[in-house]
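Enquirer: Heads up: the protein sequence lines correspond to chains R and H, in order. In this text, residue positions in the first sequence follow the working numbering: the first is 1035, and each later residue adds one. In this text, residue positions in the second sequence follow the working numbering: the first is 29, and each later residue adds one.
Hints listed in this document are in silico derivations from the structure and should not be mistaken for laboratory results. In this text, all values refer to a predicted model and were calculated from it rather than measured experimentally. Possibly wrong hints are sitting among the right ones.
Unchecked claim - Derived Cβ-Cβ restraints for the label pairs, each shown as a range:
| # | chain 1 | residue 1 | chain 2 | residue 2 | range |
| --- | --- | --- | --- | --- | --- |
| 1 | H | ASN302 | R | LEU1305 | 36 to 44 Å |
| 2 | R | LYS1334 | H | ALA292 | 53 to 61 Å |
| 3 | R | ILE1297 | H | GLN133 | 35 to 43 Å |
| 4 | R | TRP1257 | H | PRO316 | 35 to 43 Å |
| 5 | R | LYS1334 | H | PHE304 | 29 to 37 Å |
| 6 | H | PHE304 | R | THR1328 | 51 to 59 Å |
We put the beta carbon where it would ideally sit given N, CA and C, even for glycine.
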Amino acid sequence: MGMFEAILLTVATAATPLLIAAMGELVVERSGVLNLGVEGMMIMGAVAGFGVAQVTGSAWLGMFAAILAGAAFSLLFGFLTLTLVTNQVATGLALTLLGLGASAMIGESFVGLPGVRMQSLYIPVLTDLPVVGKFLFGQDPIFYISILLTIGVTWFLFRTRAGLTLRAVGDNHTSAHALGVPVVRVRYLAVMFGGACAGLAGAQLSLVYVPQWVENMTSGRGWIALALVVFASWRPWRILAGAYLFGAVTIGQLHAQALGIGIPSQFMSSLPYLATIVVLVLISRNKRLTLMNTPTSLGKPFVPDR
Amino acid sequence: MKKLLMALSMAASFAVTGAAHAEEKLKVGFIYIGPPGDFGWTYQHDQGRKEMEKALGDKVETTFLESVPEGADAERSIERLARAGNKLIFTTSFGYMDATIKVAQKFPNVKFEHATGYKTADNVAVYNSRFYEGRYVQGVIAAKMSKVGVAGYIGSFPIPEVVQGINSFMLGAQSVNPNFKVKVIWANSWFDPGKEADAAKALVDQGVDIITQHTDSTAPMQVAAERKIKAFGQASDMIKFGPETQLTSIVDNWGPYYIERAKAVIDGTWKTHNVFHGMHENLVVMAPYTNMPDDVKKLAEETQAKIASGALKPFTGPVKKQDGSEWLKAGETADDKTILSMNFYVAGVDDKLPQ
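Using the sequences and the hints, build the whole thing.
Expert: Shown next, in the form of structure tokens:
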């Protein structure tokens, strides 16, 4: 395996959880809801995925369990913010803290157990192609799901009636309500989709990235996903670009260190954050386009009969 | 439930309510840098705490705050433990040093024990471990086992404790193969399984065939197992994560020290000190030597025995610094002060030390 190919694969593994979690959050925010609980939902997915894979021996079952766990956990957020109309920022933060704590408690007996690794794809001939073979045809299933997800979300948001409705709810919930759109129901569905994605991203961590369970293993990836959504100005393909850029710089700086290039490692470690912010700020310089894409009702509570 | 509350930063109220009906017990608090479930550094401290509870039974009551970041948060957390009535507080990471000293000034009647630092006070003791002794043995093994003559080293932060380890590993390796090289990657984190795995992958992709780590998760071990190379565990025995991969692991055995110090507070004999224990005191223990030929195993055991008896000191001259200048003359050994403030590499390390 060549160096370039090896780096490409490592970058994809590092970028995939960010891409999936951010894509879920994008849909949530497009519906006008700000859920800061991505980290919490992600870690719930990670622990559920690891646990179920451990008990059943099947990484696939683990993955589905993670998706369900993420969605179920996000329902808590949905109930609080959409039905009881609590503050979205505070509730999202609480969801993260609760997720980190609850997952530690649930996962206590999983600590120190070697996990079940999700098998990578292998297609004779195609996977063995030089340079891109492994990247295109030899990765884990969640990588392919993440790409399909990006295509799917783009298509859904901008090419379907349901996507238009969702964006309308996010832009002006009062008008949408007046037109007879079930605002709260749409938002519930969006929140659950976001939870499911965060759960899947968590499963990628505990079944592919590092097949083990340890407390706090998301290490802030949920927050990076959140930031990606904003910096990508709520556009799916930019999230893909941002996640891969972040992954590429993360891995690149490690390689640069191993080569012994004399740049301070503290600076190198901050590079992924700096680079991603700078690039995404540059590509979203077009103010009109950014404003057009920002969901106007983002974070505003909606009470139908007020 | 306890853990959940802690994660919600409600540990203070919890600890306070727990205080009322435990007047005669010595309350001992611990500040952890990571989760006890990291299966590395914090895990071993928590094992030590449990050993203390077991040995001293109902004479002690312990509390811990986990995943406390180094810096301003640390001060708040340490103070919280002190206010909650803990009379002996262990702060178990280098970065808690200044915070520990600050809080100790406010609570003169509380005894503090800071791990791996160097600042003491009347009520602040420092305890340190000569992990580097274990690193030397690892270096010897690495040089024997590596086919390419290059090992990968995943560091957390460029602090003396970690630099000692890299240098000692290097010297151990050079005692077998003078041309041995070490590649270093700084993760700039003590605990981030994903990043540690990425660092391990980068090292393997650059051709190293042995990995050692000074970060706290088992992720590098898993990467090594997947890529079919050998690796050393860190802080605890990680053999489960690499049954055919782990050569050995440095195991931090804190229990005896924690028991001794808690007893000293109960007896009223506690005094501040700055101790630097190693293999001799059984604070540094090596996990079984596995996945290596018998002659390497024998050499490792001999090296370990010599270090434990004091016959071999890892930092013994002649040693050159990375820039080629002389550090230790032939036969000269480094004193503890130099070791504890080490901020340079010895010759052979393929990295520039971040300052």
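Enquirer: Taking the hints in turn, state whether each one holds.
Expert: Here is what the structure says about each hint:
1. H/ASN302 / R/LEU1305: 36 to 44 Å: 38 Å, holds
2. R/LYS1334 / H/ALA292: 53 to 61 Å: The hinted range 53 to 61 Å holds for R/LYS1334 and H/ALA292, with Cβ atoms some 60 Å apart.
3. R/ILE1297 / H/GLN133: 35 to 43 Å: 39 Å, holds
4. R/TRP1257 / H/PRO316: 35 to 43 Å: 40 Å, holds
5. R/LYS1334 / H/PHE304: 29 to 37 Å: 59 Å, violated
6. H/PHE304 / R/THR1328: 51 to 59 Å: 58 Å, holds
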